[in-house]
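Taken in order, these protein sequences are the chains called A and B.
Take our numbering: the final residue in the first sequence is number 210, and no numbers are missing along the way.
Take our numbering: the final residue in the second sequence is number 381, and no numbers are missing along the way.
Do not take every clue at face value.
[As the list claims (entries may be wrong)] 25 Å max Cα-Cα, derived BS3-like pairs, lysine-lysine:
| hint | chain 1 | residue 1 | chain 2 | residue 2 |
| --- | --- | --- | --- | --- |
| 1 | A | K80 | A | K69 |
| 2 | B | K356 | B | K375 |
| 3 | B | K356 | A | K167 |
| 4 | B | K248 | A | K106 |
| 5 | A | K106 | B | K362 |
| 6 | B | K375 | B | K362 |
| 7 | A | K85 | A | K69 |
| 8 | A | K68 | A | K117 |
| 9 | A | K85 | A | K117 |
It should be emphasised that the hints constitute simulated quantities derived from the structure, not laboratory data.
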Amino acid sequence: MKPLLRSRTSRRLALIAGLVAFPAAPFLWAQEAGQGLSAEAKSILGGPESGSGFDADVIAVLGPPEGKKVPESAVNELAKDIDAKLRCPVCQGVSIADSPSGMATKMREQVRGLVTKGYSEEQIISYFERSYGEFVRLEPPLRGLNVMLWILPAVVLLGGAWFVFRKANQPLAAGATPGPAPEGAPTPKDVDPELAKYLERIRRDSGTSS
Amino acid sequence: MNKGVFAIGLAVTVPLIGLLLVNIDRDPTSISSPLINKPAPDVRLMELSGGASVQLSSLRGRPAVVNFWATWCIPCIQEHASLTAGARANPDVSFLGVVYEDTAENARGFLAQRGSAYPSYADDDGKGAIAFGVYGVPETFFIDAKGTIVEKYVGPLDGDTLRQKLAMARR
Chain A
1 MKPLLRSRTS
11 RRLALIAGLV
21 AFPAAPFLWA
31 QEAGQGLSAE
41 AKSILGGPES
51 GSGFDADVIA
61 VLGPPEGKKV
71 PESAVNELAK
81 DIDAKLRCPV
91 CQGVSIADSP
101 SGMATKMREQ
111 VRGLVTKGYS
121 EEQIISYFER
131 SYGEFVRLEP
141 PLRGLNVMLW
151 ILPAVVLLGG
161 AWFVFRKANQ
171 PLAAGATPGP
181 APEGAPTPKD
191 VDPELAKYLE
201 RIRRDSGTSS
Chain B
211 MNKGVFAIGL
221 AVTVPLIGLL
231 LVNIDRDPTS
241 ISSPLINKPA
251 PDVRLMELSG
261 GASVQLSSLR
271 GRPAVVNFWA
281 TWCIPCIQEH
291 ASLTAGARAN
301 PDVSFLGVVY
311 EDTAENARGF
321 LAQRGSAYPS
331 YADDDGKGAI
341 AFGVYGVPET
351 FFIDAKGTIV
361 EKYVGPLDGD
371 TLRQKLAMAR
381 R
């Protein structure tokens, strides 16, 4: 089922279907998007003027780094992975890894900086999510209403398949027989008079009479 | 007609039409900022002259207006006079400009030519714009005295809109 969801159109259709199925969706959605990230742990690292090279805003939003210490050689690769998951806010459906825009370049630099400081992938993405919302995630996370995006197309497809299967295998009602061909229904001869002599020959050869 | 099919058809189309009607005058390109009613990002910005820097949290205690702008942005030129007049008329509010995707040199030239009533800051690494979730310029954030973002305005501000939004920040 997964490849079905790879295209943007099918995701959009799935979203529309989800919204149709759940009239309460916009409210749930708003709640989901409104979840705040707590401004805490400023004190842990000594506040904004600690001079430890930490950005006051990053500390206020994320607290201390929770990721593993990344060796210098692996920083680029990890940063690239994260870049591919962040949507470029000034582009059309492109990750910051794929955009040459100034904004994307600056976001990539910031991702790299945060990786170097030891922030985890989830922390880094949530930092951008604080300001841009869930929109900044190129892959909608599998939680809340978004689950519908993944499940609904499969449900609809399986439902359709079940319906068709049931219809196709429906037994005839008790006592019913397939009726005779309606009067004047065309036979192969009517369709193509040339065919008649070949049909005749086949019947003769195979020993069946017409 | 098959009643079941009719019911399914209604169940699908009625909510869809409802959804269309509800959202008919919504701008699909505008995404509301998740920062509204949240603390303003505590970014550090460098003065255009390259000297001093300001930590945004140090402005708490009075309302603030943070305007992202650029010299290449035509609507920013349009709103410049309103913002300058607004800053002069409201000395109790901290106005600050943040230069977006532009050089300090361009910005200094622009302000020298058109006049200014409040400081503008460089944001060379883009951290300010990223923290505020800026999509383009002009974007203006209204922050109350407690440091909470009360409103985000996208597009050129005129005097009336500015007054109205300032009233929200003062509340």
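Between K356 (chain B) and K375 (chain B), is the straight-line Cα distance small enough, at 25 Å or below?
With Cα atoms ~16 Å apart, K356 (chain B) and K375 (chain B) stay inside 25 Å; holds.
task = Starting from K85 (chain A), check that the Cα of K69 (chain A) is at most 25 Å away, please.
result = holds, 21 Å
_With the threshold set at 25 Å, check whether the alpha-carbon distance from K356 (chain B) to K167 (chain A) stays at or below it._
violated, 65 Å
*asked:* Check whether the Cα positions of K375 (chain B) and K362 (chain B) lie no farther apart than 25 Å.
replied: Answer holds: K375 (chain B) to K362 (chain B) is near 9 Å, not above 25 Å.
Take a quick look at whether K248 (chain B) and K106 (chain A) sit within 25 Å of each other, Cα to Cα.
-> holds, 24 Å
* Sort out whether K69 (chain A) lies within 25 Å of K80 (chain A), counting only the CA atoms. => holds, 17 Å
task = For the pair supplied as a hint, K68 (chain A) and K117 (chain A), confirm whether the alpha-carbon distance does not exceed 25 Å.
result = holds, 10 Å
>> So if I understand the rule, the pair passes when the alpha-carbon distance is 25 Å or less; does K85 (chain A) with K117 (chain A) pass?
In response: holds, 19 Å
Holds or violated: K106 (chain A) to K362 (chain B), with C-alpha atoms at most 25 Å apart:
holds, 22 Å
Figure legend: structure checked against the earlier numbered hints; the only hint not met is number 3.
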